[in-house]
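Asks: For reference, the chains in residue letters:
Protein chains: 2
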Amino acid sequence: VSRWQPDARERLERAAIELFTEKGFAATTVPEITARAGLTTRTFFRHFADKREVLFGGEAISGLADRFLADVPADADPVTLIITGLTTAAETRFEGRRAELRQRWAIVRSDDSLRERELRKWDAVREATRHALLSRGATATTAALLADTSVSVFQVSLEQWLDQDGERPLAELITGTFQSLRTALTTSGPERG
Amino acid sequence: VSRWQPDARERLERAAIELFTEKGFAATTVPEITARAGLTTRTFFRHFADKREVLFGGEAISGLADRFLADVPADADPVTLIITGLTTAAETRFEGRRAELRQRWAIVRSDDSLRERELRKWDAVREATRHALLSRGATATTAALLADTSVSVFQVSLEQWLDQDGERPLAELITGTFQSLRTALTTSGPERG
Numbered sequence: 004v005s006r007w008q009p010d011a012r013e014r015l016e017r018a019a020i021e022l023f024t025e026k027g028f029a030a031t032t033v034p035e036i037t038a039r040a041g042l043t044t045r046t047f048f049r050h051f052a053d054k055r056e057v058l059f060g061g062e063a064i065s066g067l068a069d070r071f072l073a074d075v076p077a078d079a080d081p082v083t084l085i086i087t088g089l090t091t092a093a094e095t096r097f098e099g100r101r102a103e104l105r106q107r108w109a110i111v112r113s114d115d116s117l118r119e120r121e122l123r124k125w126d127a128v129r130e131a132t133r134h135a136l137l138s139r140g141a142t143a144t145t146a147a148l149l150a151d152t153s154v155s156v157f158q159v160s161l162e163q164w165l166d167q168d169g170e171r172p173l174a175e176l177i178t179g180t181f182q183s184l185r186t187a188l189t190t191s192g193p194e195r196g
Numbered sequence: 004v005s006r007w008q009p010d011a012r013e014r015l016e017r018a019a020i021e022l023f024t025e026k027g028f029a030a031t032t033v034p035e036i037t038a039r040a041g042l043t044t045r046t047f048f049r050h051f052a053d054k055r056e057v058l059f060g061g062e063a064i065s066g067l068a069d070r071f072l073a074d075v076p077a078d079a080d081p082v083t084l085i086i087t088g089l090t091t092a093a094e095t096r097f098e099g100r101r102a103e104l105r106q107r108w109a110i111v112r113s114d115d116s117l118r119e120r121e122l123r124k125w126d127a128v129r130e131a132t133r134h135a136l137l138s139r140g141a142t143a144t145t146a147a148l149l150a151d152t153s154v155s156v157f158q159v160s161l162e163q164w165l166d167q168d169g170e171r172p173l174a175e176l177i178t179g180t181f182q183s184l185r186t187a188l189t190t191s192g193p194e195r196g
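Which chain is which? The protein sequence lines are Z and L, in order. Quick note on numbering: our numbering labels position 82 of the first sequence as 85, and the sequence is numbered without any gaps. Quick note on numbering: our numbering labels position 44 of the second sequence as 47, and the sequence is numbered without any gaps.
This is chain Z alone, in the form it adopts within the complex (with noise of 0.2 angstroms):
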């Protein structure tokens, strides 16, 4: 094994899924993974505070959502701003990976400790999302409102994509499902009704 190790995070994180799915989250200890990983708990702790953190990216969220949205021109309105940084992330991060997404999400709902971290993970997701609205000239109350949309479009959407049998490109369930909600919204409702 080379000192330099440029797909280690990755390995790590395949090995972790593996093993947590094999024995359970709780019984599964961070030499076993790094066993697996054919890397060291030096390498491990370089990537992740603790065992629950490989299941969470290991990285900070804070600039997750300022990347996906650092091709969108400067004038672009709030709606394909959102929309653009939710396929943007799912064809970066998610598309190609569904099988090991579908068993670290079967992972996250058996341990209340992972189903906790999860709702933090998307609660620092909605903040972030709401920042880069604010910094885009978004007001706050749009801000806000259209961060926690972008959460919402974004996990059923997951969820569909992760549930289907079917070749759906997540960006396309995106789009649709953003279609959906603007029609649940404006076809019904005591001022349209």
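A hint or two may mislead.
[As the list claims (entries may be wrong)] Estimated spans, in silico, between C-beta atoms of each pair:
| no. | chain 1 | residue 1 | chain 2 | residue 2 | range |
| --- | --- | --- | --- | --- | --- |
| 1 | Z | V33 | L | A77 | 53 to 59 angstroms |
| 2 | L | G60 | Z | S113 | 39 to 45 angstroms |
| 3 | L | R100 | Z | G41 | 16 to 22 angstroms |
| 4 | Z | R105 | L | E119 | 24 to 30 angstroms |
| 5 | Z | A109 | L | G41 | 45 to 51 angstroms |
| 6 | L | R70 | Z | R96 | 36 to 42 angstroms |
[What the hints assert, rightly or not] Here's a subset of chain Z near chain L, in silico, CB distances under 10 angstroms, partners left out:
| no. | residue |
| --- | --- |
| 7 | R49 |
| 8 | P81 |
| 9 | T83 |
| 10 | S113 |
| 11 | D151 |
| 12 | T152 |
| 13 | Q158 |
| 14 | V159 |
| 15 | Q163 |
| 16 | L165 |
| 17 | T189 |
| 18 | G192 |
Derived from the structure by calculation, the hints contain no laboratory data. This one's a predicted model, so the numbers in the text were calculated from it and none came from an experiment. Backbone N, C-alpha and C define an ideal beta-carbon position, used for all residues, glycine too.
Once you've looked at the hints, dock chain L against the given chain Z.
Replies: Below, chain L alone, put in the same frame as chain Z:
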């Protein structure tokens, strides 16, 4: 102090919020709360599992959404349903308690474990709302999206209501926030440009 305490829960909540504000959450004990409320610790534990739960109502969230929707006609569309549910919640649970809820909000923000518990509470509200919409005939996608939307609109409106110096009722802020979301989603975006 008579044995029958119809307002015991409210007195314990008020006493707890006073003490948490004065001394901090961590430094306050259950006996201090019951002494302030003029009640026994036995009464306390009849209503709440521990001192943290005093801040979270001590009642199951799962039944609340259905209760707020009890008076909505069976054939109401989903958006009418959620607006009615939210404004009913605002009028019956929040209006008239702004000073106390401001203090509660400051306490929750002061402590990591309380912030996590708050995230779990809102997740439970989402889940209860989703179930209420499903049981009234919404599709799975619409139920999930509108449950998330309900929580988002409520949270944004609640923050406005807690922050404002004026006297606009929470229910009025909710209908305004909902309209802002509709406008944000329909007046921009790649498909409407």
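Asks: With respect to the beta-carbon atoms only, verify the hint that R70/L and R96/Z lie 36 to 42 angstroms apart.
Replies: holds, 40 angstroms
Asks: Taking the closest Cβ pair, is Q163/Z under 10 angstroms from chain L?
Replies: holds, 8 angstroms
Asks: Would you check whether V159/Z satisfies its interface hint, that is, whether its CB is within less than 10 angstroms of any CB in chain L?
Replies: holds, 5 angstroms
Asks: A closest beta-carbon separation below 10 angstroms is what the hint needs, so does R49/Z meet it against chain L?
Replies: violated, 25 angstroms
Asks: For the range 24 to 30 angstroms, tell me whether the beta carbons of R105/Z and E119/L fit it or not.
Replies: Hint holds: Cβ distance 26 angstroms, inside 24 to 30 angstroms.
Asks: How about T152/Z: closest beta carbon in chain L under 10 angstroms, or not?
Replies: holds, 7 angstroms
Asks: Looking only at beta-carbon atoms, does the pair A109/Z, G41/L fall within the given range of 45 to 51 angstroms?
Replies: Because 50 angstroms falls inside the window, the suggested range holds.
Asks: Could you see if the CB distance from G60/L to S113/Z stays within 39 to 45 angstroms?
Replies: Since G60/L and S113/Z have Cβ atoms about 28 angstroms apart, the given range 39 to 45 angstroms is violated.
Asks: Holds or violated: is there a CB of chain L closer than 10 angstroms to the CB of D151/Z?
Replies: This hint holds: D151/Z lies near chain L, its Cβ roughly 4 angstroms from the closest one there, short of 10 angstroms.
Asks: Could you tell me whether the CB distance from R100/L to G41/Z stays inside 16 to 22 angstroms?
Replies: Given a distance of about 59 angstroms, which is not inside 16 to 22 angstroms, the answer is violated.
Asks: With 10 angstroms as the cut and Cβ atoms as the points, is L165/Z at the interface with chain L?
Replies: Hint violated; L165/Z Cβ to chain L Cβ min 14 angstroms, cut 10 angstroms.
Asks: Is the interface hint for T83/Z satisfied, with its Cβ closer than 10 angstroms to some Cβ of chain L?
Replies: Given a least distance of 5 angstroms, the restraint on T83/Z holds.
When held up to the earlier numbered hints, the structure conflicts with 2, 3, 7, 10, 16 and fits the remainder.
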